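Listed below are the residues making up each chain.
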Amino acid sequence: MELKTTVDIDEENSVARVALAGALNTDTAPDFETRLQEVVGQGHELTVLDMKELDYISSAGLRVIFKAAKQTKQGGKRLAAANRKPHIDKVFEILKALPDMAVFANDQELDDYLDTMQSRVRDA
Amino acid sequence: MATSITSRLIGLLTLVSALIIGVSMLIDYRLSRDEILERLRIQSQDTIQAAIIDMESWLGSVEGSTRFLARILEQRQYSRSGLEQMLKDIVANSEDIFGAAIALNPEQVDSPLGFAPYYFRKDGILNYADLAGESHNYQQQAWYLDALRASKPVWVEPYFDRGGGEVLMTTFAVPVYRSASEGRRELYAVVTADVALADLQAYLQRLHLGDSGFGILLSREGIILSSPDSDNLMRHYSELESNALDIATWREMFRSVLAGREVSRQLQCPQLPGECAIRLGTLQSTGWPVGVIYSESEILAPLREFQIKTVVVGLTTLLLMALAVFLVTSRITRPLSSLALASDKIARGVMDVPLPSARGNDEVARLVRSFHAMNKDLKTYIAELEAATASRSRLEGELAAARQIQMSLLPGSGEASDEAQDYSLWATVRPAKSVGGDLYSYHRSGDTLYLAVGDVSDKGVPAALFMARASGLLQQLMIVEADPASAMQKLNDALEAGNENCMFLTLFFGVIDMRSGLLRFASAGHNAPALLRGGTASRLQQSDGPALGLAAGLQFPSNQVQLVEGDRIAIYTDGIDEAFDAQARMFGDDRLLDCLAQTGALAVAVAGPEILQAVERHAGEQQQSDDITLMLLQLTPRESATQTAQTVTRENFTLGESLVTRAQEWLEQTLHRLRVTPDLQLELSLVTEEILTNIEKYSGLPSGAQVSLSLVSTADALALETRDKGIAFNPLTDSHRSPLGADIESAEIGGLGVHLITQFTDQQTYRRFEGSNILRVTKVLHSDQA
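So the sequence lines, in the order shown, correspond to chains A and B. Going by my numbering, the first residue of the first sequence is number 1, and it counts up by one from there. Going by my numbering, the first residue of the second sequence is number 125, and it counts up by one from there.
Here chain B stands alone, though its shape is the one from the complex (with noise of 0.2 Å):
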């Protein structure tokens, strides 16, 4: 699944939207933070920036009203009652002012406890009290001694108005000054206008900043004028009971404050975990500090929230993303997955598989089509060619069994081997197609022997047919006629008729008088055998006469030649001497008289083979042209009739149970008729096991298929050639062996027979041809061996 194309494709798409999903949503992030930071910071000052204006411009008003009312005392005089008057007046229609007062110098009234009226709201109503009183006299009062100190309008530290208001407040008092005589400045009177803590405090409550920020305000001198915390008024910020912040910070902040400058610093909310803010700035008027005291966590709450809509928004984006795309792309990759799996279905050859259907005309549609025409086409391939192939099996099969009734026309069933007091003689034929079109013909009457070597045109199963017809033909004729030119013509005439498609065949045809040695011949355009006589190898002479089967009636001339003892003949067809090499090279008449030279003193039967193998070695890799024919004719000298044996003896066995049993008894029997020695008997018993064990175990072949033994003896040799139809396998070089002399641990079970085969013979040949492997060995015989 991983490796499917659907994956890859979700896979890398989601991988690069969420790259860039993500970098732009943390870009937006970021500009947004940052505006969203500015924004609560601007709210907050804006709020901070409105509580204190409206506190300023009220606190400015009462300042106004005071000093307004102290300048008026200044310029004009007024009676005591015409003061109280005015005092009311002003308290009464001032709505910021809790009160206020007129308190004269003592020493400008007669009375040791002076003149100080006051007038003050509670609860609606108009109060009056008289500050001049036996107790809590106002010349003992803080707010005019302050004020004659300061010799100026002064806000006064909070205090609880005893016997006045009664409540906590702080007051704004203005000394009224006087001319005397003498232009010296006098006191006249203190004029203070009160505003209660607790107006203040209300509001100090609009100064809030998220749901747990406060305002504080704090007298110049540290005093708490308000907070939410109605315990902490009164006190000084140095008694503050929480742990928010310690004294020397608060010291620093305060004097940084009243110096002019705004603070802030971070600290623990006093009411909550967590981290806030304090902001100390002043009041213009006043000069009080104030501040607001806030958690950062709760004013920065929008702009968290903003961070997880941000990620809640990202993640669903990319989900659905994830999602399109995968569905997307599986609608459009389900019909490669599907033609992926179909082809592998159709590899291993389940033809019949469902195929995707084929929508629109993009490439993965194409390629459906494609595939089903393809799959149509090569289930049509395929059934035609198990057709031919059936068809051809057939015919081989066919073919097979017409070679082997074709070889069965000839004498030895295509390979003879004949040996008489006089002579030894030994012919084959190999076509070089399934069936061919070469013969050859012998048959010994009385004194006579007749030999016959032809070749029929062209080859293959044409010339087959042709070639029975004219080996009957032949057989017959070699029965009755003894003349071979007359024996030519009579053939001749017999082929010719009935003979439409114009085939022909040449035809060497002799007659030998075994009591002279002379050798009548004639030949229908065939070439002239070759003649090995004293070592030396010749063409014979001859005048032939036209091919057979193409025009009746016509004569043949008659050739003769005398041969002596020891004389080898060989009569062969042009597929020798026409083989032909990778480079057209012909193997040539010059090559086969060599041949036929060097190989002069082995036995025919050995000679035969052996000038076959060096036609075949200079074809090298070539197919074989044309078919193959030779016949070797050696008259044996008569003293050595009984010295030269050369037979050849063959046994089919079938594979199976006691093969080597019943191989060595034949062996046996026939070793001991040509009376070969006990030690080498049970020499070529073993090597005959060894071979035959071979072949059970790596012909490939099933119980019950045949394998032909042949023994073939020569007054030099012995040798032992075995047939079998399985795989090509020599067993000389494609066996295991195994190395000789290595101790018990190395010594692989297997592979010894190679060598006992090896050992004990003196020559191995190894041949495949048309499905046969063929093994020939031969052991060189002593003169005391046979």
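Excised from the complex, chain A in its bound form (with noise of 0.2 Å):
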């Protein structure tokens, strides 16, 4: 089981979207457990993780998750996730994982939500 891990970052508006493909276990975990880092450490308003092509996730998975959660909330910045498949989804459920993380369905909704991001920074 393995896991694809791209990174895409947008400057402008201060948006780091990490996409996950495959699986998410003790295996894989640490891999992206670095990668996560690197992205949270670069201080992005949003780090958003697109969980489309995310096909499993286990306890370990979660726990990175967990502590990149803490480390944008004590920044001030937020971590979203998107696009759960509905046994992820059900996994995050079961947990009642991060109540206070934010959660995109569709990427309809996330675009939604940039783009009033990028309005409420042009006003400020």
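Treat the hints with care, as some may be off.
Here are some chain B residues the structure puts well away from chain A; computed CB gaps all over 10 Å [claimed, not checked]:
1) E281
2) S336
3) R389
4) A401
5) R516
6) D698
7) E807
8) E813
9) L816
Computed cross-link-like contacts, DSSO-like style, restricted to lysine-lysine with a CA-CA straight-line distance of at most 27 Å [what the hints assert, rightly or not]:
10) A/K70 x A/K52
11) B/K821 x A/K90
12) B/K469 x A/K70
13) A/K85 x B/K469
14) B/K500 x B/K469
Here are the computed distance ranges between Cβ atoms for each label pair [as the list claims (entries may be wrong)]:
15) B/S517 x A/G41: 37 to 43 Å
16) B/S832 x A/K52: 32 to 38 Å
17) A/T34 x B/T778: 22 to 28 Å
18) B/S896 x A/D8: 47 to 53 Å
19) A/T34 x B/Q793: 29 to 35 Å
20) B/D501 x A/T34: 55 to 61 Å
The hints are simulated quantities; they were obtained by calculation from the structure and are not laboratory data. Since this is a predicted model, take the numbers as computed values, not measurements. All residues carry an ideal CB built from backbone N, CA and C; glycine is no exception.
Combine the two chains into a complex, taking the hints into account.
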């Protein structure tokens, strides 16, 4: 079981999109953690975990996401999850994990959110 | 150091002795001080007294001589030369007198100047002076006038005798009266004797106390007759330049003294810094105030010396004592400190420490000797213990290996699970010790199914060896012998041979014709199996023979029973019904029948463990007393054959890299074969990962250790069982759970796995058995899932 991570940074809006593909388990979690820590360390306003292609997640993966969520919150930034598959959703559900983590059901919702963010920045 | 016996002893002893010595020295000092003070007082008193007495006697003799002369003149008449001669004699013979004069009343003499011869001693030579000269005539002199005025003997105030002795002097003048005609008393002459102040000074010098103390002598009018400072002579005390005492005090003292009292005062020392004292009294004879001024500190010098000596002696004593205490105490307690140090080292595991030598027979020596002995014994015990432990672990290792070998003698390596179209079977052996004497066997050949369950007498290694022999023979027989009774016979003969230890085996041997369902069986002293039919469990009837291996050439009765589809039989050894609890109550056949009935709906591979768990629960804390064997056989109804598929698939994995991935791959394949839905596959995959992660984290097993995964699939459930030989750890209760739904701040990173396990499965059981953690999670299947 493999995990492929792609990072896409939008400097202008300070948004980082981390796309996961495959399985996030104890074997693949360590590398993913390094990657995610890197991105979070850059201090973007919003870091989005795009789970469209994520087929599997276990407690090891959740741990990594938890940690990242804590860090972004401490830094006053946000971490969000998008496009979760149903059984991934179920896992988050069961653990009632991260109630204050933003969740976007699909790309449309994410885009709308980004638009509002941008307009807020423009008007500020 | 502050807490060592030595320093405590020294400290306490020194303190106590310091106290005792201090108090006794203080008392001694006090008493001695009083004595010394008293002595000093007496001493000074004596000194003063002696000087005064001398002075008194001297002045007294002066007075006496003068009075005597006066008396003579009173009575006798002398001529002028006669008077002169008498005077000369007196002065010559009297060392005490400086000079003497006889001054006649000028009326007695026809010369207006009068007649007054005066003899005095100067430089040892007798001199003559005529006081009736023109200048300094005696009739104007104070001594003459004072005597006249006083009309009685009187000491005259000191003066400088000009025209006479030419020295400072004081005079004792005695007027002489004769009775004249008509009974009148008329003055005849004044007789005098002089005392030079210089001579007085000599006497006074003996009146000193201390190095700077000195005496003073004053006239009745307050003129200083004698003082160490010659400038002060002849001056009135009010003219004293020193500011030692003010005039008022002097006057007051003077008055008191003249009144006859002794006075003493403190004053500033005239010549030295510091406090002085003055003591004034009067000379009895002359009435002159005489006194002594002395420095108290000088006088008390001996006392101070004494004080210092006392302190020095005290301190030295104390120091010496502390030293002595220190030396003695250290010597005595040194062995103790060495012992304490040595025992510290021994406690840490350093066995070869040098111990102090024991001298004498006191408690410390006895302690040291005991310590020596204990140390030696300890070393011996530890060596023996290490040897014993080493040999025990060797043995344990061998036993563990033996167990594996023994288990591998049995089908399924100790836990067999088999399913076919027409039956499902499950069997297991649980030895009481590392190795045991129970066995089971089964073999399918065409339409015939052979079953056997046996129990060797006793348990442990001997039973295991016999069991191995019996098991081998049995498996051979199963292949060739179709008739249970004759198989039993052959087996008995084979086992009897070479059985010197008289071990025996109880055995159940059954043969089922799968087409007809007829079960033929023979029993050699073995408890009859139980049959569950239509929800009711009961024991089968059997006629059995004796146990195998004891006597050759025995016959065994044959039994048979007709089985139908759906029947479930349980063949077991007495380890089950004879499992005792803490109150020595057996599990019993009836309870077994109950369990059998209750688990009837479950697949044999699930029911079996359930029944054994019930036995375990009954036994509770009690150790397993006998080997336990259970075999469940179910004749499956032909129609539902395709539906009921009970499989147990097992695989071993080594801990280490990508364990989860490997395990999940295996699981995927197995589940796929079992036609399990992808969703369920994912869930079970996740559960497997969480279980394995827990094992990796908490078992304490090294990389490379084995973990076994079994998947038991039945019509209505999927069970996943993991076994590991790590430290006792029940993930269901022992792992750290973090609160669900907590916000990011309080979410503990970790402890989520167990939630996932419990949420994605319906049933979870854990047991610890013979050094293994066994976790079994079951997911009940709904009709759409498999």
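Cross-check of the supplied hints:
1. E281: Given that every Cβ of chain A is farther than 10 Å from that of B/E281, nearest at about 115 Å, it holds.
2. S336: Non-interface label stands for B/S336: nearest chain A Cβ at 92 Å, farther than 10 Å.
3. R389: 92 Å, holds
4. A401: 91 Å, holds
5. R516: With a cut-off of 10 Å, B/R516 remains clear of chain A, as the shortest Cβ separation is near 38 Å.
6. D698: Since the minimum Cβ distance to chain A is about 45 Å, B/D698 lies beyond 10 Å and the statement holds.
7. E807: Non-interface label fails for B/E807: nearest chain A Cβ at 7 Å, not farther than 10 Å.
8. E813: 5 Å, violated
9. L816: 8 Å, violated
10. A/K70 x A/K52: 23 Å, holds
11. B/K821 x A/K90: Cα-Cα ~25 Å, so holds.
12. B/K469 x A/K70: 50 Å, violated
13. A/K85 x B/K469: Since the Cα atoms of A/K85 and B/K469 sit roughly 65 Å apart, the hinted pair is violated (cutoff 27 Å).
14. B/K500 x B/K469: OK: B/K500 and B/K469 at ~14 Å, within 27 Å.
15. B/S517 x A/G41: 37 to 43 Å: 51 Å, violated
16. B/S832 x A/K52: 32 to 38 Å: With a Cβ separation near 37 Å, B/S832 and A/K52 satisfy 32 to 38 Å, so the hint holds.
17. A/T34 x B/T778: 22 to 28 Å: 26 Å, holds
18. B/S896 x A/D8: 47 to 53 Å: 49 Å, holds
19. A/T34 x B/Q793: 29 to 35 Å: With Cβ atoms ~31 Å apart, the hint holds.
20. B/D501 x A/T34: 55 to 61 Å: 59 Å, holds
The earlier numbered hints that this structure contradicts are 7, 8, 9, 12, 13 and 15.
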